[in-house]
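Trainee: These are the residues of each chain, in order.
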Amino acid sequence: MLSVCSQNFLKRGKLTKTLGILCIGLLTLGFHPALTATEPVWIQADVLGIDPSQEALARRIMGGARGIQTSADALSKLKQQLNPTVILLPDLEAAPGRPAVVKDLRRCIAPAEPTGVIRKEAGRDVAICYPASTSLEDTGTWFAAAAKPKGTNKMTLEWSFRYRRADWVETEIDVTFPDGSVRSCPWRTPVFEGCVSSSRHTLKESESSFAFVRLKPSVTDMPERLFLIVVRAE
Amino acid sequence: MTNPIHFEPHLANDPVVTGSYDFLTDSVFDPPLNLTPSQIDPHQRPHVLVELETVLLTAPLQDEQSTAQQAERMTQALLDPAISLGNWVSRIAPPKILAPPGEQAHIESAKNVNYPAEFQSRTMVSPSRFDIARNGVTITITPLLDVENGRIDLDISTEILGIQEWLNYGEAGEGEGSQANPGDADSPRLAANIKLPVFKLRSFRSQTAVRPNEPVVLGSVCGENGDEPDRLVLLQVRARLLDQSGRSMSFAEWRP
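Chains A and B, in that order, are what the protein sequence lines are.
Position 93 of the first sequence, counting from 1, maps to 93 under my numbering, and the rest follow consecutively.
To convert, count from 1 in the second sequence and add 234; that's my numbering.
Worth flagging that the hints you see were computed from the coordinates, not collected in a lab.
Every value quoted in this text rests on a predicted model; they were computed, and no experiment measured them.
It is possible that some hints are incorrect.
Said to hold, decoys possible - Chain A regions said to be covered by chain B (calculated; three or more residues, Cβ under 8 Å):
hint : segment
1    : 76–82
2    : 102–114
3    : 117–129
To be verified - Just the calculated beta-carbon pair ranges, DEER-fashion:
hint : chain 1 : residue 1 : chain 2 : residue 2 : range
4    : A       : 191       : B       : 365       : 56 to 62 Å
5    : A       : 181       : B       : 329       : 55 to 61 Å
6    : B       : 316       : A       : 169       : 52 to 58 Å
7    : A       : 191       : B       : 281       : 53 to 59 Å
8    : B       : 402       : A       : 195       : 49 to 55 Å
9    : B       : 322       : A       : 222       : 44 to 50 Å
10   : A       : 113       : B       : 346       : 24 to 30 Å
11   : A       : 222       : B       : 313       : 42 to 48 Å
12   : B       : 317       : A       : 97        : 48 to 54 Å
13   : A       : 204       : B       : 294       : 37 to 43 Å
14   : A       : 76        : B       : 302       : 17 to 23 Å
Beta carbons: idealized from backbone N, C-alpha and C, even for Gly.
Work the whole structure out from these sequences, hints included.
Mentor: Written out as structure tokens, the structure reads:
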């Protein structure tokens with residue numbers, strides 16, 4: 001988790017309540033500041049991986065209408081009952097209306113443009129396949145959020161979650177060789193799939209915005225995944 | 235070999251240097267910027283620079299203490315230099331850097347990793363073009379002045395890039411080709427030995443506000459269950475106002 005400790009705000013007693021684990025021990029007397037148009041907004045996101053077969057139960061626990069949750073009780077109940085995996089995302093601080101962003105990525109150099117060459121080896125032709133070019137591919141988690149005070153004790157919260165994963169597939173592909181022949185070559189390449197979810201809600205101070213996102217494998221046999229994203233701002 | 239340079243902003247008789255500082259080359263990337271009123275917000279007075287002092291601590295998560303305890307200990311060490319943490323913590327304290335309000339300050343502590351991006355073959359497969367990954371830490375800070383409230387708004391991006399592993403994309407087919415296609419029995423097919431890096435990229439962007447000369451500490455741990463043990467990262471930023479001669483100034487002095 002990420003948190004922000006601002007010593008100057010600490011001295012002035014203006015630090016928002018419970019800014020996270022890093023401030024434990026430093027903060028004991030925090031309190032809610034009034035929402036203003038200029039103070040940075042603290043945004044906290046919980047991303048949970050839930051067994052897809054438990055979706056109905058998870059939705060029942062979360063309840064709520066229009067993806068708005070009115071208390072943290074449902075989330076803690078869900079954590080207790082469903083034992084979800086947790087994708088740790090830092091808490092974020094952002095100026096009103098401007099996004100805070102976190103990325104936790106695995107960046108691979110994926111082979112592209114399969115090409116072939118024939119080489120003499122021990123008196124016989126050997127066909128060699130190689131990628132003429134590569135591309136930079138990211139997998140992992142992206143999260144961006146922005147919040148803007150709207151009237152007294154209300155704020156508009158807008159967030160976007162993106163998850164992308166890769167499966168390395170070993171296959172045979174056809175490659176045209178310099179002599180014009182087409183031969184199949186062994187090829188190892190990543191296949192990508194992902195999901196995106198975004199939400200925009202006007203929330204009261206104690207409310208959070210949530211969404212269920214399902215990632216169904218379409219190309220590979222990677223397992224289906226179900227995410228619950230819960231976002232709140234102060 | 236690179237020659238370390240002393241990079242301090244208090245150069246009363248020298249031109250004030252702003253821009254990016256790169257640990258790898260020990261060079262200042264951008265030419266000095268001459269502040270003119272047109273380059274900053276009209277409501278801001280000219281001839282003010284923001285001096286940014288950053289300290290970055292990174293450490294593997296310790297088994298014997300909770301993340302919160304470890305974070306607290308590291309945070310205390312950031313705020314009190316007398317506290318020693320030992321060699322399990324990596325500390326990067328870049329030189330102070332200057333940025334005009336609204337301009338990006340860019341600090342890198344990284345080493346270049348060349349990796350093959352294109353391949354060609356005449357008799358053997360070899361890389362024909364390399365790309366460069368800057369393996370390490372990049373911090374980008376954009377300060378803005380909030381004169382009304384007497385504070386400096388900071389847009390802070392931290393990017394940490396490291397090599398996680400090398401994948402050999404060519405190893406899948408070695409020795410299997412001739413069996414898969416009996417018609418080509420005399421021409422076994424091989425994929426070349428093509429090792430490419432997989433990077434781990436962590437990037438955070440937050441925006442916060444500070445009073446001049448008072449520090450803010452940001453920290454993070456992220457990852458998913460089952461990942462390798464992660465690192466805790468703490469970044470301390472301190473910002474203050476300087477006039478064109480490098481003298482520290484307050485918002486009060488700066489007001490008309």
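Trainee: Taking 42 to 48 Å as the hint, is the beta-carbon distance of residue 222 (chain A) and residue 313 (chain B) inside that range?
Mentor: 45 Å, holds
Trainee: Are at least 3 residues of the segment 76–82 of chain A within less than 8 Å of chain B when you compare beta carbons?
Mentor: Violated: only 0 residues of the segment 76–82 of chain A have a Cβ under 8 Å from chain B.
Trainee: I want to verify a distance hint. Is the separation of the beta carbons of residue 181 (chain A) and residue 329 (chain B) within 55 to 61 Å?
Mentor: Roughly 60 Å apart at Cβ, these two residues keep to the hinted range, so it holds.
Trainee: So the hint says 48 to 54 Å: do the beta-carbon atoms of residue 317 (chain B) and residue 97 (chain A) match that?
Mentor: For residue 97 (chain A) against residue 317 (chain B), whose Cβ atoms are near 38 Å apart, the range 48 to 54 Å is violated.
Trainee: Should the hint that residue 113 (chain A) and residue 346 (chain B) are 24 to 30 Å apart at their CB atoms be regarded as holding?
Mentor: Between residue 113 (chain A) and residue 346 (chain B), where Cβ atoms are some 25 Å apart, the hint holds.
Trainee: Check the following: the C-beta atoms of residue 191 (chain A) and residue 365 (chain B) are separated by a distance inside 56 to 62 Å.
Mentor: 22 Å, violated
Trainee: Using the beta carbons of residue 402 (chain B) and residue 195 (chain A), state whether their distance is inside 49 to 55 Å or not.
Mentor: Because 30 Å falls outside the window, the suggested range is violated.
Trainee: For the segment 117–129 of chain A, do three or more residues have a beta carbon lying closer than 8 Å to a beta carbon of chain B?
Mentor: Coverage by chain B holds here, the residue count being 9 at a Cβ distance below 8 Å.
Trainee: In this structure, is the beta-carbon distance linking residue 76 (chain A) and residue 302 (chain B) contained in 17 to 23 Å?
Mentor: 18 Å, holds
Trainee: Between residue 316 (chain B) and residue 169 (chain A), is the Cβ distance one that fits in 52 to 58 Å?
Mentor: 55 Å, holds
Trainee: For the hint 44 to 50 Å, verify it against the beta carbon of residue 322 (chain B) and that of residue 222 (chain A).
Mentor: About 36 Å separates the Cβ atoms of residue 322 (chain B) and residue 222 (chain A), which means 44 to 50 Å is violated.
Trainee: For the segment 102–114 of chain A, do three or more residues have a beta carbon lying closer than 8 Å to a beta carbon of chain B?
Mentor: Coverage by chain B holds for the segment 102–114 of chain A (9 residues, Cβ < 8 Å).
Checked against the numbered hints above, the structure breaks hints 1, 4, 8, 9 and 12 and satisfies the rest.
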